[in-house]
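Visitor: Top line first, the protein sequences correspond to chains A and B. Start counting at 1 in the first sequence, then tack on 1031, and there's your number in our numbering. Start counting at 1 in the second sequence, then tack on 1031, and there's your number in our numbering.
Among the clues, some could well be false.
Identical copies carry no separate label here, and so any pair may be met within one copy or between two of them.
[Said to hold, decoys possible] Okay, derived cross-link-like pairs now, DSS-like style, lysine-lysine, Cα gap no bigger than 25 Å in a straight line:
no. : residue 1 : residue 2
1   : Lys-1091  : Lys-1198
2   : Lys-1778  : Lys-1198
3   : Lys-1314  : Lys-1699
4   : Lys-1564  : Lys-1778
5   : Lys-1103  : Lys-1091
6   : Lys-1707  : Lys-1297
7   : Lys-1707  : Lys-1326
8   : Lys-1707  : Lys-1318
9   : Lys-1100  : Lys-1778
10  : Lys-1318  : Lys-1717
11  : Lys-1699  : Lys-1297
12  : Lys-1344  : Lys-1699
13  : Lys-1094  : Lys-1778
14  : Lys-1326  : Lys-1344
15  : Lys-1699  : Lys-1326
16  : Lys-1314  : Lys-1297
17  : Lys-1091  : Lys-1778
Just so you know, the hints here were simulated from the structure itself, not pulled from any lab data.
The primary structure of each chain is shown beneath.
Protein chains: 2
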Amino acid sequence: MSTQKEGPVPGIPYFTSLSSNIYLLKTALLTSSSSSAMAKSQALQSNLDVDYVISYRFAKTDKATAAAKFEKLCEALSNVGLQTEVRNGDSHSVLLFVRVASDEHLFGEVYRSRVRDWIHGVRAAAPSKETRESLEAEPLYEAERLRTIYQLITNPVSEGGAGITPKEGEWESVESIFALHDHAYNKDWIKKWSSQWFLNTEDLDDIRNRLGEKIAFYFAFTQSYFTFLVFPAAFGFAAWLVLGSFSPIYGIVSAVWCTVFTEYWKQQEIDLGVRWGVKGVSKIDIKRRDFQHEKTNTDPITGEQVGFFSASKRFQRQLLQIPFALIAALSLGAVITTCFGIEVFISEVYNGPLKSVLVFIPTGILTTVNPILNTLLTQVATRLTDFENYETAAAHDTALTQKIFVMNFIMSYLGIFLTAFVYVPFGTLIVPHLDIFNVAVRPFAEDEKQLHHTTTSWSINPDRLRKQVIYFTVTAQVVNLGMELIVPYLKRRGFAKFKQFQSARAAKNGGASPSAAANDSPEDSAFLERVRKEAELDVYDVTADLREMVVQFGYLSLFSVVWPLTAVSFLINDWIELRADAMKICVEMQRPVPWRADTIGPWLDSLSFLTWLGSLTTSALVYMFWNQSAGPGGNPSTIQLWALLLTVFFSEHLFILFRWAVRIVISKLDSPGLQKERRDRFLVRKQYFEENLSAMEKIPRMTDNGGEITRRSLEDDARQSSLSDSTPEGRFWGRQRGWRETATVAKGLIEQAQNETTTERKKEL
Amino acid sequence: MSTQKEGPVPGIPYFTSLSSNIYLLKTALLTSSSSSAMAKSQALQSNLDVDYVISYRFAKTDKATAAAKFEKLCEALSNVGLQTEVRNGDSHSVLLFVRVASDEHLFGEVYRSRVRDWIHGVRAAAPSKETRESLEAEPLYEAERLRTIYQLITNPVSEGGAGITPKEGEWESVESIFALHDHAYNKDWIKKWSSQWFLNTEDLDDIRNRLGEKIAFYFAFTQSYFTFLVFPAAFGFAAWLVLGSFSPIYGIVSAVWCTVFTEYWKQQEIDLGVRWGVKGVSKIDIKRRDFQHEKTNTDPITGEQVGFFSASKRFQRQLLQIPFALIAALSLGAVITTCFGIEVFISEVYNGPLKSVLVFIPTGILTTVNPILNTLLTQVATRLTDFENYETAAAHDTALTQKIFVMNFIMSYLGIFLTAFVYVPFGTLIVPHLDIFNVAVRPFAEDEKQLHHTTTSWSINPDRLRKQVIYFTVTAQVVNLGMELIVPYLKRRGFAKFKQFQSARAAKNGGASPSAAANDSPEDSAFLERVRKEAELDVYDVTADLREMVVQFGYLSLFSVVWPLTAVSFLINDWIELRADAMKICVEMQRPVPWRADTIGPWLDSLSFLTWLGSLTTSALVYMFWNQSAGPGGNPSTIQLWALLLTVFFSEHLFILFRWAVRIVISKLDSPGLQKERRDRFLVRKQYFEENLSAMEKIPRMTDNGGEITRRSLEDDARQSSLSDSTPEGRFWGRQRGWRETATVAKGLIEQAQNETTTERKKEL
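Chain A on its own, in the form it takes in the complex:
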């Protein structure tokens, strides 16, 4: 804990220079050591106008088919106005370079996308029918351009695309479609961030412009979370010094903070969505390509043939989620519970021989069995979600995220739940039964008496809960971060070494080395080598990073009352995490396709769920463990079920009430995004009004006629007679012509009425 108190300050300059060095080191690794320094720098600086690279792998196909398919690929791309160049790739692959040659197709795609946005309310005004003009008024930013080109390549032919679907159906040989990193920008990015305390909105705008809104939303979320963490870190530190653990004051402040943060973020999403012009894009349904239809129906609206899959059949398949959740809960739960039991027994009950060795058993089991189980369950979850056969990408993602959240929930929090709500209240009842383990180690026992002695004198270890929370919020976070950064690096390093060894062996065996670079022109070779390395990198998955943050938030909302320094640890961790993720995207991953998003998606629900659950666990923990006279202090005999339930019940409803109040207050606040939205709307409206109302001005006012008619008002009788042959309506409306006549008649009526009153009053007197 003493390392925590030192704070992040002395570490940061070191990290700054370190991270810059790591970046240089890593990017250097991407270019071969054999090329000259000039060419290396050149290869890093320029992408030679390449928009996308398509990696085409033909190892599993025969020569003729591969060549024919490739020809088709080139033709399809050419049909949508893309220019192609082919170069040799690594082991049985070629790299197809693609750039936009004819703007018309790109503009067509942009127009189509903008019309779709406008129909769904993402844009306030309809796009001008002159695309070239409107593009000049509102030029594409880099991410938008890349996204549009990607859609041009992958969209079905019927929607104006080339219909290339990587790794699927006809295009199984198309391994990946990726854009090239902008290394000059990346270097500046990492350098800037590593010397900056807080990221401002311009930094996020920058990410949005380069990597698209989906990734920008992850960084915006983490940055908001990081900024919000400053308060609980400071307050938590004070609480740790003054109040100690399980303080109800800390519990309330923490719950309030979590609620405010969750609600603030919801508003922030809207704001950023408007700022980035993507508000509402998540409502645009994108059809899933893998969707399997039972039959085709004629859409009653569009008249098109659309695939149909009955909802009841999907519901039946969704019911499989119940056994899945049960199996996940039971298998993961069984592993965690077993390890928990063994650990409690060995560390607290058992005092026999080999204790120093046996104590590692649970850690051993957890670190081997859990990742295997996790991988297995994730595969099952993915298959199950595929089987559920959703029509839209959004529905698919939500369903998958929910399953993954359930698994993560069990893996991350079950251990602490067991300690708090099983071990402490029921420990004295359960732990003696852990004797079964005793039987196993009995052969090793030196004397019988020692074993007997320990089991009887056992009492609950009150520090276990705190230690466990510290483990999850400090140790596990650091380990995670290390794994994220170092493992892929080592993996890549090892892979490079293996290939070096392989080609060396090949060179030893035969004369001609099958090097991919053999045909490269000397001018391009550094560039091509870099592209070949980038082709081998992994695809970045932003949801994994989001999941990590949400799980971390869960520790804070559920258990931070156990150890108030939690937020301090997270604050430090997240500062590094933000930068490490940026570096990961730049160095260890292919440049991601810049998808749009206007939310962090289903994880937002997880966030709300964790905040709500926090109101239950925090109040329960405070009631059970607060060591003051008011509470029962973790002694099971003094815990009253009714009092616990009452505490939780009140806490939950206070939370719901408070959340409602926060929502109202936040909805009232104005923000730059909302202002922008109103301004856009106002401008469109103003334009329309001005066009129309200028026409209105020309209408002659009826007053003009009125003046004319007043002169004629004396001719009343003449008119009366002329009306006699018209309709009742005509007669009714014909009596007074123009407002002046009406006013004159009314004056008479008013005077008459007033006179009558006066007369009447006089008579009465």
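Once you have looked at the hints, place chain B on chain A.
Guide: Positioned in the frame of chain A, the structure of chain B alone reads:
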């Protein structure tokens, strides 16, 4: 209860003919008995093209000012293209008839309104700039026309209206602005409804076309509620026969029904909103005219000067809601609790003299004190809401509705809550202390022993709760309905009698009778007399009727487990209520201004709140009173606090889970409204695409060039040298021209790679 079992069937034909007769009777009352039958019928049939009638009352102003103001009124109306006719009104008022003379201003208002709708997403497509054309394509329905004219009269001059604000500021003498009833339609309406079991969507469309969406939404809600009631009525009847009171099965079914209904209605609102073209109108902020600004700020968006009122100041004022709620709860609570105490004491404990008289004390107190308190508190609530000074009409309505809901909640449900959760569990502790009343009646006591005897032998009356629920769900509903129909009728009758008497006295005193009809032309007199009567009618307030329905729903969700026949009573009551409300609008009220709405507004929140609270009360009641072996059966000694809390806790969370599931299922369902919305969007998109994509077709495909270049592919070397002086990008992209060349080169690369593998494999062999 036996009257309930008879069912509504025999009653309905009677009601049908009765209601027709009442309608004829009542409308006949509107026309004077002195005019001829022909004229009467004529006056009822035709509105003589009158769009609106403005009642101008000058009793409190002097002659000159009244006439000058009236002149100004006529001029303002004329300026917006309205023709005016003035006629004499009743006692110191004139009636100003208004109709549209120049369409341009009306069209301008329609255009302005449609642009506003389009900007806010209410309309899918922008309105055509040629209003006359677009009006021909999409003509105004009656309610739309009337609303537009009303807005033309009342909107500020700056927004193109005449700026007439009834009863306010400059226009204080303008008493009311109302349209005339369409009696021919009204008669058909009542006749049709009284012979119809269920109302279908066309009936609701009809109301929407005549009376506007806001009133149509009330009828749609009540109709949906009525239809939904059929199931709980049938199930409740079966439960009453088989299961008895407090059955957990009935409780679950009832909670499920309430949840499904609430969520269904939310979806139905969207559907109807789309059907009626008003989806999203509640999001269009309408500025409140009474809004008092502290200072004027320049709007950053529009550049206009707008009133500003600081949110913190409003929040301080809103804090007054806390003392208000406390005072309301305490005062109403005190009255109800006192009456409850007296009633329990007199009916159950007291056995002394005058019991038969004393038993009416609580009813007497309730019926006198409660309405007074209610009126007082409603006034305070209205003033408080005015004081809170909301900027928009919607915010004002919500704030007022919330306050009124709190008051209604206390008045309607507190009594039953007291019985269920105070009287039963704590009755044995509290009731003996009600002895204080004993002291008061002691003088009347005949013998001391009798008094003493009763207090000790007292035990809880298990039937009290059921009786109370029956009172509120049957007796009170019938009384309410009666009050709603009969009291206004008697009031109007009495008022007419009083005026008759007055004018008779005036005629006796002086010669000249100040009759309003004195100046009427014989042709118009019947019509004018009818208009004068309509001018005196009350203004219809749809929220009062909505409140009644929501409060009724509350009994069902909160307490119907006590008496399962509740829904049967409501089913009968609501069938009549729907028709009675229609009649009320037609006969007893001025024709309402047809406002738009896309929801039942803040009452929707009340509905959700009551559904949620129902999950708590129903489970608690079932736990406490279920007379089987499983539960404690209402005997206070057997009620365990922890078990009660656990029951409620589980029930609430089951409810939340179930509501979530229902929401998901309902959101998946397609509906005619949603289909219409999609169709509208699709058509707009299609139109845009077609215009643009026809231009796209003309772009020459790159393939054409490809063929030409293949021929040249042998000239490779020559091209290489010609490229040497261009940029690196130019050189990179110049190597292969056209997709055919790329494919050819790729073929070579693929062959080479395959050959190498073969060679390598051979060598290894």
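Visitor: All the hints need checking, so say for each whether the structure fits it.
Guide: Now for the hints, and whether the structure bears them out:
no., hint, verdict
1, Lys-1091 <-> Lys-1198, "within (13 Å within a copy, 86 Å between copies)"
2, Lys-1778 <-> Lys-1198, "between (87 Å within a copy, 20 Å between copies)"
3, Lys-1314 <-> Lys-1699, "both (24 Å within a copy, 14 Å between copies)"
4, Lys-1564 <-> Lys-1778, "between (94 Å within a copy, 23 Å between copies)"
5, Lys-1103 <-> Lys-1091, "within (18 Å within a copy, 90 Å between copies)"
6, Lys-1707 <-> Lys-1297, "within (18 Å within a copy, 30 Å between copies)"
7, Lys-1707 <-> Lys-1326, "between (45 Å within a copy, 23 Å between copies)"
8, Lys-1707 <-> Lys-1318, "between (31 Å within a copy, 20 Å between copies)"
9, Lys-1100 <-> Lys-1778, "between (93 Å within a copy, 10 Å between copies)"
10, Lys-1318 <-> Lys-1717, "between (37 Å within a copy, 18 Å between copies)"
11, Lys-1699 <-> Lys-1297, "both (13 Å within a copy, 24 Å between copies)"
12, Lys-1344 <-> Lys-1699, "between (43 Å within a copy, 14 Å between copies)"
13, Lys-1094 <-> Lys-1778, "between (102 Å within a copy, 8 Å between copies)"
14, Lys-1326 <-> Lys-1344, "within (13 Å within a copy, 61 Å between copies)"
15, Lys-1699 <-> Lys-1326, "between (48 Å within a copy, 19 Å between copies)"
16, Lys-1314 <-> Lys-1297, "both (16 Å within a copy, 19 Å between copies)"
17, Lys-1091 <-> Lys-1778, "between (100 Å within a copy, 16 Å between copies)"
When the structure is compared with the earlier hints, no violation turns up for any of them.
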